[in-house]
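Input sequences plus hints: build the corresponding full structure.
In terms of the numbering used here, the numbers along the sequence shown are unbroken and rise by one, the last being 702.
Accuracy of the hints is not assured; some may be wrong.
Stated by the list, open to error - With a straight-line cut-off of 30 angstroms between C-alpha atoms, the simulated DSS-like cross-links for lysine-lysine are:
#1 K481 - K465
#2 K465 - K515
#3 K611 - K517
#4 K535 - K471
#5 K481 - K515
#6 K517 - K535
#7 K611 - K515
#8 K684 - K535
#9 K684 - K471
#10 K515 - K535
As the list claims (entries may be wrong) - DEER-style ranges, computed between Cβ atoms:
#11 S519 - T665: 21 to 31 angstroms
#12 E489 - R597: 50 to 60 angstroms
#13 P558 - L490: 55 to 65 angstroms
#14 K460 - D496: 33 to 43 angstroms
#15 R506 - M454: 33 to 43 angstroms
#16 D524 - R597: 30 to 40 angstroms
#17 M538 - L509: 20 to 30 angstroms
#18 A628 - W499: 39 to 49 angstroms
#19 T682 - L509: 26 to 36 angstroms
No wet-lab data here; the hints were simulated from the structure. Built from N, CA and C at the ideal position, the CB exists for glycine as well.
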Amino acid sequence: MLMEPTVEKLNAMKLFGMAKYLREWLELPKDKALTPLELLGLLADAEWVYRENRRLELRLQTAKLKQSACVEDIDYVHPRGLTKAVMLDLASSRWVQSHQNVILVGPTGIGKSWLACALGNKACRDGFTVAYRRASRLFDELAQARADGTYPHLLRRLAKVQVLILDDFAIEPLAAAQRRDLLEVIEDRYQVSSTVITSQLATEQWHGAIGDATVADFICDRLVHNAHRLTLKGESIRKHTGLTNGKKPTK
452 MLMEPTVEKL NAMKLFGMAK YLREWLELPK DKALTPLELL GLLADAEWVY
502 RENRRLELRL QTAKLKQSAC VEDIDYVHPR GLTKAVMLDL ASSRWVQSHQ
552 NVILVGPTGI GKSWLACALG NKACRDGFTV AYRRASRLFD ELAQARADGT
602 YPHLLRRLAK VQVLILDDFA IEPLAAAQRR DLLEVIEDRY QVSSTVITSQ
652 LATEQWHGAI GDATVADFIC DRLVHNAHRL TLKGESIRKH TGLTNGKKPT
702 K
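Listed below in structure tokens is the structure:
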């Protein structure tokens, strides 16, 4: 039986994993003959792996993570108050399943954004959808959506994302429109999805940055009280891993 027409039919049916495996299998030396059932099982496994890898690739592309970061590469040597047990627990993505949040606070250069992206990467690998936004860019995006009439659509998109990473939150005080937008985003996500926040400000200072006491209470109540909070301290990692030092960047 000629296998090339079979491979072409598999590709035509978009069974690319099966087609690729069958072509490779035909080129391998055969120590023993496979039963039809065994070959079918191997083909099904190959298609499953192909589709899972494709889904992961699409999730990572859609997430648009700022940095290529993995939890396996976290640096626990640099003194910054990062506990391995805590990070291993977060790396399980159980916090995503439970619709909990993660808050990373600390000075600039300490690795908050990198850690947030590492958690986002792991969530993607565990099958969850992720979106990364710098806080300022998200507010610009929401303002533009409000202006062109796509605001409700954008809010629905953000609400559907299982993990939203909001980086560099509260670098500067929020304007009234930004407070309202953030309130809408957080309310839509409350108890149905997870949010990761990085900030140079401790959570106790967020009220001042948000500005309006009532809105700040609303936002913080939904973000902070259901969050794993990590406070990082110490010198900037960039100071020790700059190009002038000739060292490989750590995380």
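Going down the list of hints, with the structure as the test:
1. K481 - K465: holds, 27 angstroms
2. K465 - K515: Judged against 30 angstroms, a Cα distance of about 26 angstroms means the pair holds.
3. K611 - K517: At roughly 20 angstroms apart (the allowed maximum being 30 angstroms), K517 and K611 satisfy the hint.
4. K535 - K471: It is violated: about 40 angstroms lies between the C-alpha atoms, which goes past 30 angstroms.
5. K481 - K515: violated, 43 angstroms
6. K517 - K535: Since the Cα atoms of K517 and K535 sit roughly 23 angstroms apart, the hinted pair holds (cutoff 30 angstroms).
7. K611 - K515: This hinted pair holds, its Cα atoms lying about 16 angstroms apart.
8. K684 - K535: holds, 15 angstroms
9. K684 - K471: Given that 30 angstroms is the threshold and the Cα spacing comes to 50 angstroms, the pair is violated.
10. K515 - K535: holds, 26 angstroms
11. S519 - T665: 21 to 31 angstroms: Given about 40 angstroms between the Cβ atoms, the range is violated.
12. E489 - R597: 50 to 60 angstroms: holds, 58 angstroms
13. P558 - L490: 55 to 65 angstroms: Given a distance of about 58 angstroms, which is inside 55 to 65 angstroms, the answer is holds.
14. K460 - D496: 33 to 43 angstroms: violated, 19 angstroms
15. R506 - M454: 33 to 43 angstroms: violated, 28 angstroms
16. D524 - R597: 30 to 40 angstroms: Because 39 angstroms falls inside the window, the suggested range holds.
17. M538 - L509: 20 to 30 angstroms: holds, 26 angstroms
18. A628 - W499: 39 to 49 angstroms: 47 angstroms Cβ-Cβ, so the 39 to 49 angstroms window holds.
19. T682 - L509: 26 to 36 angstroms: Check passed, 34 angstroms falls within 26 to 36 angstroms.
This entry does not satisfy hints 4, 5, 9, 11, 14 and 15, going by the numbered hints stated previously.
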